[in-house]
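The residues making up each chain are set out below.
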Amino acid sequence: MREVVEKVDLAFEVNGDSVRLAVSPDATLAEALRDDLELNGTKTGCEEGECGACSVLLDGKVVNSCLVLALECGGKSVVTIEGLAREGRLHPMQEAFVNHGAIQCGYCSPGMIMTAYALRLENASPTEAEVRRALEGNLCRCTGYRKIIDAVLSLNNGESRHD
Amino acid sequence: MSAMKMYQAPRTLEEVMRAAGETGATIFAGGTDLMPRWSKEIVPRPAAVVDIKAIEGLSGIEVTDGEICIGACTLMSGLDESAALRRAAPILAEAASRIACPQIRNRATLGGNLCNASPAADTAVPLIALDAVVDVAAPGRAGATSREVSITDFFQGPGKTALEPGEVLTRVRFKRPAAVATWAWEKFGTRPAMEIAVASVGVIVEASDGVIERARVAYGSVAPTPLRGHGAEAALVGRRLTDETIGGCVAAARGEISPISDVRASAGYRREMVGVMLRRMLEDARGG
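Sequences listed follow chains G and U, in order.
This note's numbering applies: residue 568 is where the first sequence begins, and numbers increase by one.
This note's numbering applies: residue 28 is where the second sequence begins, and numbers increase by one.
Looking at chain G on its own, in the form it has when it is part of the complex (with noise of 0.2 Å):
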């Protein structure tokens, strides 16, 4: 059992919306977006920065979300699986996901889809090299790579881009 401990305040920024919160020293950002944001999109699998599930964008930038402690991000702007959308409407990326069923049991989906959202933002138009090479560090255990590079691919000359 973890030892009670003073929390501390913490301003930063989730998917567009300025959020405060107070949070323990030693919780990871993967805990504050699930536990106490309840953005349980964002997936927590091996919490050693081995899987990829619980990829985020802090301040632009693709990141192991269980191996950044919360009071770093103090200032900073994060992006989850949540903040895709918009209007009701999914992000291009997820929808080409959900087209070329690049999801079985879908716990390695929102990492897969926040990487490869990340890898578009520098790189509009990814070889399949580049492709492959982004989603390193990104584990599917149910199926094969295939049809999730195929749907990232298949941006490269779909719809136009979402923002």
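Treat the hints with care, since some could be wrong.
To be verified - Keeping only pairs whose Cα atoms sit at most 30 Å apart, straight-line, the calculated DSBU-like set for lysine-lysine is:
#1 G:K643 / U:K80
#2 G:K628 / U:K32
#3 G:K574 / U:K32
#4 U:K202 / U:K187
#5 G:K643 / G:K714
#6 G:K574 / U:K80
#7 G:K628 / U:K67
#8 U:K67 / U:K187
#9 U:K202 / U:K80
#10 G:K643 / G:K574
#11 U:K80 / U:K187
#12 U:K32 / U:K80
#13 U:K32 / G:K643
#14 G:K628 / G:K714
#15 G:K574 / U:K67
#16 G:K643 / G:K628
#17 U:K67 / G:K643
#18 G:K628 / U:K80
#19 U:K32 / U:K67
#20 U:K32 / U:K187
#21 U:K80 / U:K67
Said to hold, decoys possible - Sample of chain G residues facing chain U (criterion: CB under 10 Å; computed from the structure):
#22 S591
#23 C613
#24 G619
#25 K628
#26 L634
#27 L686
#28 L702
#29 G704
None of these hints come from the bench; they were simulated from the model.
Fair warning: this is a prediction, and the values are worked out from it, not measured in the lab.
Glycine residues also receive a C-beta, built at the ideal position from the N, C-alpha and C atoms.
Add chain U to chain G, keeping to what the hints say.
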């Protein structure tokens, strides 16, 4: 289970050293090595951590004609994406680009990779080949003082460095390699991503009219620390890259490493792979 009661992110080195000295706070940068150990309870959570990422001047890459200077908090992705570093010291940019995955490279710092002092630290091998030094800030009565430590002296054993309590690695510096230098770095593992090296080798050679004038060889994951290959270097300097020279260099390399058998590979396999990688690098350097 222990609890972490305090997180600080001061703006000055003095405050970091005070926190590390007075409260015994653990110095924290990218957290990619520390946090898994805490969550898996391999080591207890420290009562206090002091984050050094907000300190000015600890991030960034300065490339001049003579020297390259890299702040301790520079990210692996920053090394990978720096066009200036790719031109000036591609051996280091390449090694950084092959660490773990994008999520880790966006958090892991150069200083952290060194201070973690893993025998497999991917950036250590190129930095040994580059003859790097690290700047260490030490608390002093009249404010912080700085001392310089060579990269080979910095590593003292698995997880052990030359840092004294309260000291902070602030910068990594090395002379810009000669434009004519050829380099190679390779890590061997069973998969291309998220892999801790089974063995790694780095080489920088400068030749004039086919005769090697200067050579640096370094190895990872085959000794208690990342290791400089003095024997392999001596087998190259003053010689042409003939089959005989390459054979002599490989034999010297196999003799001067001291690999262990563990979950990733046997000692014999590591020794064999170091020889294979080094031979290929030298054959590539001479053009076949």
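Output the indices of the hints that this structure fails to meet, ascending. 5
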